[in-house]
Amino acid sequence: MAIRVFLLLLLFLSSAIVSFSLYEDQAGLADWHQRYIGKVKHAVFHTQKTGRKRVIVSTEENVVASLDLRHGEIFWRHVLGTKDAIDGVGIALGKYVITLSSEGSTLRAWNLPDGQMVWETALSSAHHSKSLLSVPINLKVDKDYPITVFGGGYLHAVSAIDGEVLWEKDFTAEGFEVQRVLQPLGSTVIYVLGFVNLSEAVVYQIDSKIGEVVAQKSMVFPGGFSGEISSVSSDKVVVLDSKKSILVTIGFIDGDISFQKTPVSDLVENSGNAEILSPLLSNMLAVKVNKRTIFVKVGGEGKLEVVDSLSDETAMSDSLPVADDQEAFASVHHEGSKIHLMVKLVNELDNVLLRETIQMDQHRGRVHKVFMNNYIRTDRSNGFRALIVMEDHSLLLLQQGAIVWSREEGLASVTDVTTAELPVEKDGVSVAKVEHTLFEWLKGHVLKLKGSLLLASPEDVVAIQELRVKSSGKNKLTRDHNGFRKLILALTRAGKLFALHTGDGRIVWSMLLKSQACERPNGISLYQWQVPHHHAMDKNPSVLVVGRCGSDSSAPGVLSFVDVYTGKKITSSDIGHSVVQVLPLPFTDSTEQRLHLIADTVGHVHLYPKTSEALSIFQREFQNIYWYTVGADDGIIRGHVMKSSCSGETADEYCFTTRELWTVVFPSESEKIISTLTRKPNEVVHTQAKVNTDQDLLYKYVSRNLLFVATVSPKGAGEIGSVTPEESSLVVYLIDTITGRILHRLSHQGCQGPVHAVFSENWVVYHYFNLRAHKYEVTVVEIYDQSRAENKNVWKLILGKHNLTAPITSYSRPEVFTKSQSYFFAQSVKTIAVTSTAKGITSKQLLIGTIGDQILALDKRFVDPRRTLNPSQAEKEEGIIPLTDSLPIIPQSYVTHSHRVEGLKGIVTAPSKLESTTHVFAYGVDLFYTRLAPSKTYDSLTDDFSYALLLITIVALVAAIYITWALSEKKELSEKWR
Amino acid sequence: MTQIIRSSPVLAFIALQISFIFFASTLTCTSGSEDSCYTITGRVKIPPSNVIGHTEKFSNVKVLLNGGHKITFLRPDGYFTFHKVPAGTHLIEVSAMGYFFSPVRVDVSARHRGKVQATLTETRRSLTEMVLEPLREEQYYEIREPFNVMNIVKSPMGLMVGFMVVVVFLMPKLMENIDPEEMKQAQEEMRRQGVPSLTSLLPGAGASR
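Protein chains in written order, with the numbering used here: chain A, 1 to 978; chain B, 979 to 1187.
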């Protein structure tokens, strides 16, 4: 007993010292942060002789970044808003990065060395259109050539120095769409070529100083243009006609327009539709026709001739001036597992300046984009480097026949995440190989002790960090006792599956989805397919990856089954029907494969795996399978039930028809569904009852079939500021998805979305905007079961009215009651998640992804509807916090500490084996992982536990015992002598 | 960045006297849209600071309108601008690592040609003077307490040692204070009961006897 008390005391004391949040030297110990930029759209090299060599890129994730060309690291980057897509990038005056975004209506300049925004200019635009950025290549820095921008019907000239709009031309009346802006060197006149209604070519000559139209020429082309254009020289462009069968060369020398038609069939026999490829080559253009890429040379008089032809899977760069007025371009094509990079002169295609063959990972797919840059070698010859963007969005720099660096930019667009266990450690491999000798071990702990007593020098701190990483063995590829080592499986938009190690975030394996039906399926979602218990079955776990051929929801789906340990595809199948919803069923077959239902667009559901065993399991549970669909557009939630096998229509015995069981229709004139949410299906609830302070029992209404729905008035569906408080109201519902019964309805007048919610156990927490207070609010709703409230003691539980043997019917109204409370919250929110632990005993924390891309951990106790202004003594002891009108934002409880998870999209939590600890993974443009202990690590010693101090104490105690023994003996002896 | 927090929190705090100055200019949106749109301009003024990483921190400040509907960045002089904002009530938030800013309620008046009124929503203070400071500086890390003898003493090990010290050095003192008569009585009692003394408990005690 005494020992127990002492141990408790010890535990209490140690926990009182260990704080909840991190010390600075603990950052990066259990967490990691990876910075990405996304799939590169444009790249501009900046390789002056002096200074660091860099490449400026803009990406599909609306990131503009400056990368180190030597190592691929990010010098700086900025993530623009989600609606602020970048249309063009350039470097002006040799010191500013210019970006054009939002369809040509926002022009920004960033300082090249440090990424500080220098100026920002809003340009007028009337309608949505293609936009165009033309940054003059300045040879003389002292002269300020204006930047010309076209977008939304306006042509602007903007000074590169301060972003001042020098002049603007309104072309909206004419419907003139600018295609090319050409600025001959040394001339003040710029040529602006464009089309009117895709049938008339117009050339304006505009004085670049004042914006006055010097001359204008137009000419109607009877066939009409298709809009694809390639400029081949300073006075010629080539376009396709509307039928995509005739190449039209438009010359506009000195303002005179001339057309010259060349049917594609003259160049290639049996030609189909042609397509002009984007690379800009001088006096040449690349055309894709008949699955071949042909190079067409444009002669002096606009005569076209085919000079070369390549397979269509060739990616090309723009041409680049190399020495002696010659231009060169790079092309990359595949051959097996190798890629060939060739740099050729545009004028002499036979003259290959560079031919390199590089081994390439199969799982990177094809080359999508090539950006080339040249440099002068020490022997005065030209060297080339190529930046290539692969199909899986990765970015690689090739130089001298090798991959200098690569960035896995696919991870910037994660669509779904799940976790998986690592393989069990095989016998014969020793775990404790880290601690070499007793001396080393002791030295390490003395260092740690020094660190915790703040006596460590900076070198010691570094040594401590290294030691900690090493001794924790956190990077091993086997399962550990606490379940801290796991795999995070992330599916990206490019259809690539990554397995990341929780220890350091490295990629353990990656796999690109493949399909016979289409070239490259998109990844949609991930499911646990087979999780064999390692004692029962010696089989590797696997996941189901659901993909789709094309972006349309009716496109046929692709299923891939991937071995989690090896990353190898087990099988994949083109299922021949579309995928609208995937329902993992709570049944597994004898090989522990989980049954899944896939609903398609025509109202059928399909059972997977397609085995007779699965079918027999399914037939047994046929009556008990329900699901729901949410029609956000028409405001109807429908409940479905299985009807029969669809044998009448198809011979597929794994296909079933369904019928509608119930519908909840929201009036479209007053309510619009903006958010729906259910509990996580694999969530563990430890206890169903909650004991009040007055020894009262509250039964949680723990149902897996509760759906949270939030609706707003249609006017309030827009952004904040577009609606007055009187016009908007927010209504939330809790709906039973089996019966379609609305269990609870709560309306917030004068509030609007966006609603971010989290649903766990018997509570929902949601975040919305209160227009009256003009603040964000968080509301918690807890739902309790009234029907079992009578069962207060054992006898009532057994003999009472509502015991478990009493018949239950779904027609009876469930007796529930709710408690709710609202609080202000001082920040916009992007997403909310909740921690999840193995047994659900540990108290929960809300993980709030804020607008600043940080993640705030907020104890659930702060959003407890039982909070009152003056809690009684008993309530205080229970841990009820006095009510405040707003939720606290404690900076130390940001789990991301000093990092930002740029472009935060989602937070995923997964339990570890240790009950106190949970894995947290956040994804967006960046990735962030950490381990959290919401109630502190009460079930294990922390990393900080000082073994050295323990050892010293024990030594001291032993010494003390011997000293006292000696003293005691001496005293006894002297007493005996007395 | 973390270095600044540690090295000179005081300096950084002094350095951050950020002020917002709001004004708006009417800027009729393009002919295509019927509503007239306005511009909101504010200023984040940071006096020069010699803290390392200061500029980097400054360039990572984002200003967000209406929960991220529009995002803009600061110019070197601290100014930021939102263009094409319709009349109405809006919310501006500042996201800067290391500082907490109150969201700002901004009313853009349609009647007064885009006159802007700003109020801090956290403190409900109206920005008539148009000066705003960040509500507080944020420390993301717990500060380690400096070395303290009391910490060691208070730790479980310290308590164990302390307890031993008490037993070893104070108990004999207490024994001495006891009346010798009573002491003798107690000792006799102990002998009769055969309670082993400390020496007999220890190994080797028997040998020495």
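In short, the hints are calculated from the structure, not lab data.
Please note that a few of the clues may not be correct.
Unchecked claim - Straight-line Cα separation of at most 16 angstroms, EDC-like style, residue types lysine to aspartate or glutamate; simulated pairs:
hint: 1; chain 1: A; residue 1: K288; chain 2: A; residue 2: E275
hint: 2; chain 1: B; residue 1: K1162; chain 2: A; residue 2: E275
hint: 3; chain 1: A; residue 1: K775; chain 2: B; residue 2: E1100
As the list claims (entries may be wrong) - Derived DEER-like restraints, expressed as beta-carbon distance ranges:
hint: 4; chain 1: B; residue 1: N1126; chain 2: A; residue 2: E459; range: 20 to 26 angstroms
hint: 5; chain 1: A; residue 1: F862; chain 2: B; residue 2: N1126; range: 37 to 43 angstroms
hint: 6; chain 1: B; residue 1: N1126; chain 2: A; residue 2: V630; range: 56 to 62 angstroms
hint: 7; chain 1: A; residue 1: P814; chain 2: B; residue 2: L1113; range: 31 to 37 angstroms
hint: 8; chain 1: B; residue 1: L1113; chain 2: A; residue 2: E425; range: 47 to 53 angstroms
hint: 9; chain 1: A; residue 1: A773; chain 2: B; residue 2: V1143; range: 55 to 61 angstroms
hint: 10; chain 1: A; residue 1: S820; chain 2: B; residue 2: V1143; range: 45 to 51 angstroms
hint: 11; chain 1: B; residue 1: V1143; chain 2: A; residue 2: I890; range: 55 to 61 angstroms
hint: 12; chain 1: A; residue 1: S820; chain 2: B; residue 2: T1101; range: 25 to 31 angstroms
hint: 13; chain 1: A; residue 1: A402; chain 2: B; residue 2: L1113; range: 50 to 56 angstroms
hint: 14; chain 1: A; residue 1: E975; chain 2: B; residue 2: V1143; range: 42 to 48 angstroms
hint: 15; chain 1: A; residue 1: F862; chain 2: B; residue 2: T1101; range: 19 to 25 angstroms
hint: 16; chain 1: B; residue 1: M1168; chain 2: A; residue 2: D939; range: 41 to 47 angstroms
hint: 17; chain 1: A; residue 1: A689; chain 2: B; residue 2: L1113; range: 37 to 43 angstroms
Here the structure is a predicted model, which means the values were calculated and not measured.
Ideal Cβ placement from N, Cα and C applies to all residues, glycine included.
Range agreement (Cβ of T1101 (chain B) with Cβ of F862 (chain A), hint 19 to 25 angstroms): Since F862 (chain A) and T1101 (chain B) have Cβ atoms about 21 angstroms apart, the given range 19 to 25 angstroms holds.
Pairwise beta carbon distance, A689 (chain A) to L1113 (chain B), judged against the given window 37 to 43 angstroms: 41 angstroms, holds
Cβ distance range 41 to 47 angstroms for M1168 (chain B) and D939 (chain A), holds or violated: Holds, since M1168 (chain B) and D939 (chain A) (Cβ atoms, about 44 angstroms apart) stay within the stated range.
Cβ separation of L1113 (chain B) and E425 (chain A), checked against the hinted range 47 to 53 angstroms: 50 angstroms, holds
Distance restraint between K1162 (chain B) and E275 (chain A), which requires alpha-carbon spacing of 16 angstroms or less: Roughly 114 angstroms between the alpha carbons, so the hint for K1162 (chain B) and E275 (chain A) is violated.
Hinted pair K775 (chain A) and E1100 (chain B), Cα distance within 16 angstroms: 8 angstroms, holds
Outcome for the supplied range 31 to 37 angstroms, where the beta carbon pair is P814 (chain A) and L1113 (chain B): About 45 angstroms separates the Cβ atoms of P814 (chain A) and L1113 (chain B), which means 31 to 37 angstroms is violated.
Outcome of range test on Cβ distance (S820 (chain A), V1143 (chain B); 45 to 51 angstroms): 56 angstroms, violated
Pairwise beta carbon distance, N1126 (chain B) to V630 (chain A), judged against the given window 56 to 62 angstroms: The hinted range 56 to 62 angstroms holds for N1126 (chain B) and V630 (chain A), with Cβ atoms some 58 angstroms apart.
Consistency of beta-carbon spacing, L1113 (chain B) to A402 (chain A), with hint 50 to 56 angstroms: Holds, since A402 (chain A) and L1113 (chain B) (Cβ atoms, about 52 angstroms apart) stay within the stated range.
Restraint status (C-alpha distance of K288 (chain A) to E275 (chain A) at most 16 angstroms): 5 angstroms, holds
Hint check for V1143 (chain B) and E975 (chain A) - Cβ pair distance inside 42 to 48 angstroms: For V1143 (chain B) against E975 (chain A), whose Cβ atoms are near 24 angstroms apart, the range 42 to 48 angstroms is violated.
Hint compliance for this structure: hints 2, 5, 7, 10, 11 and 14 are not met, and every other hint is.
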